[in-house]
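Participant: Sequence:
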Amino acid sequence: MAELMSAGQAADAIDALFPPGPAWRSDGSLPQLYCQAWAEEVVRFCNRLSALLGECDPGTANELMPDWERVLGLPDECSVGAPSLEARRLAAAAKYTMTGGQSRGYFIGIAAQLGYPNATITEFHARRYGRARMGGRYGGWGWQFVWQLNLPASQVLPRKSGAPFGDRYQSWGDAQLECTINKLKPAHTRVFFSYGGV
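Per our numbering: the sequence shown = residues 1 to 198.
Everything labelled a hint here was simulated from the structure, so no lab data went into it. Fair warning: this is a prediction, and the values are worked out from it, not measured in the lab. Just so you know, even glycine gets a beta-carbon here, dropped at the ideal spot from N, CA and C. There could be a bad hint or two in this list.
[Stated by the list, open to error] Pairwise CB distance ranges (calculated):
1. P66 to A13: 16 to 22 Å
2. Q113 to E63: 23 to 29 Å
3. E55 to L33: 44 to 50 Å
4. I121 to G59: 17 to 23 Å
5. D57 to G28: 26 to 32 Å
6. P75 to G54: 21 to 27 Å
7. Q113 to L85: 49 to 55 Å
8. Q9 to L53: 15 to 21 Å
9. L53 to G105: 48 to 54 Å
10. S26 to L90: 53 to 59 Å
Using the sequences and the hints given, assemble the complete structure.
Facilitator: Right under this line is the structure:
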């Protein structure tokens with residue numbers, strides 16, 4: 001971080017506050033020594049003030065990062081592992097500036113931020129008399145509140161040779177993504193996650 005002013009500049013600024021005259025301006029005089037001593041404190045104060053301004057933004061905070069995390073509720077139940085300071089800053093800044101939403105684009109954007117840029121959403125609808133088509137999906141009244149986040153099969157793990165008896169043939173899922181989407185989805189909806197059609 002660059003200094004706002006040097007000790008010499010601060011001493012000159014303090015010296016300019018004294019009245020004119022040889023008693024105040026001669027080198028080595030008591031007022032000049034006071035100016036130099038006060039200048040160091042002024043520089044220290046200005047540097048701390050500059051650092052404090054940087055702490056006002058969670059994306060650049062150092063000393064106040066624990067306070068930002070406490071205020072923003074981080075780490076939350078969707079956080080994974082022990083992130084670096086930079087990852088903590090990014091998470092805090094993202095949550096601080098998050099506006100929320102209920103659109104397809106909003107949830108596709110969240111999936112993209114978490115590593116799924118090609119995610120899509122399928123919305124289900126209840127069948128209604130006069131609107132239903134032959135061969136269309138059949139769903140009762142509750143299906144109008146269900147949607148599905150379609151993700152690539154990158155998280156599908158097949159069973160390995162030599163796996164113990166009782167293990168699944170395939171496992172899939174991304175706990176952080178599912179937790180985040182479930183936390184942000186509209187409360188009256190239910191979301192399913194499809195990993196490559198699974």
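Participant: A separate judgement is required for each hint: does it hold in the structure or not?
Facilitator: Going through the hints against the structure:
For the hinted restraint 16 to 22 Å between P66 and A13, the CB-CB distance of approximately 36 Å leaves it violated. Between Q113 and E63, the C-beta spacing of about 27 Å keeps the proposed range 23 to 29 Å intact. Range check, E55 to L33: about 34 Å between beta-carbon atoms, so the 44 to 50 Å window is missed. Between I121 and G59, the C-beta spacing of about 29 Å breaks the proposed range 17 to 23 Å.
Our hint of 26 to 32 Å for D57 and G28 is violated, since their Cβ atoms are close to 45 Å apart. Taking 21 to 27 Å as the suggested C-beta distance range, the pair P75 and G54 conforms, at roughly 22 Å. A C-beta distance of roughly 19 Å is found between Q113 and L85, which places it outside the suggested range of 49 to 55 Å. For Q9 paired with L53, a C-beta distance near 19 Å keeps the hint of 15 to 21 Å intact.
A hinted range of 48 to 54 Å for the beta carbons of L53 and G105 is inconsistent with their spacing of about 34 Å. Take S26 and L90: their Cβ atoms lie about 56 Å apart, and the range 53 to 59 Å holds.
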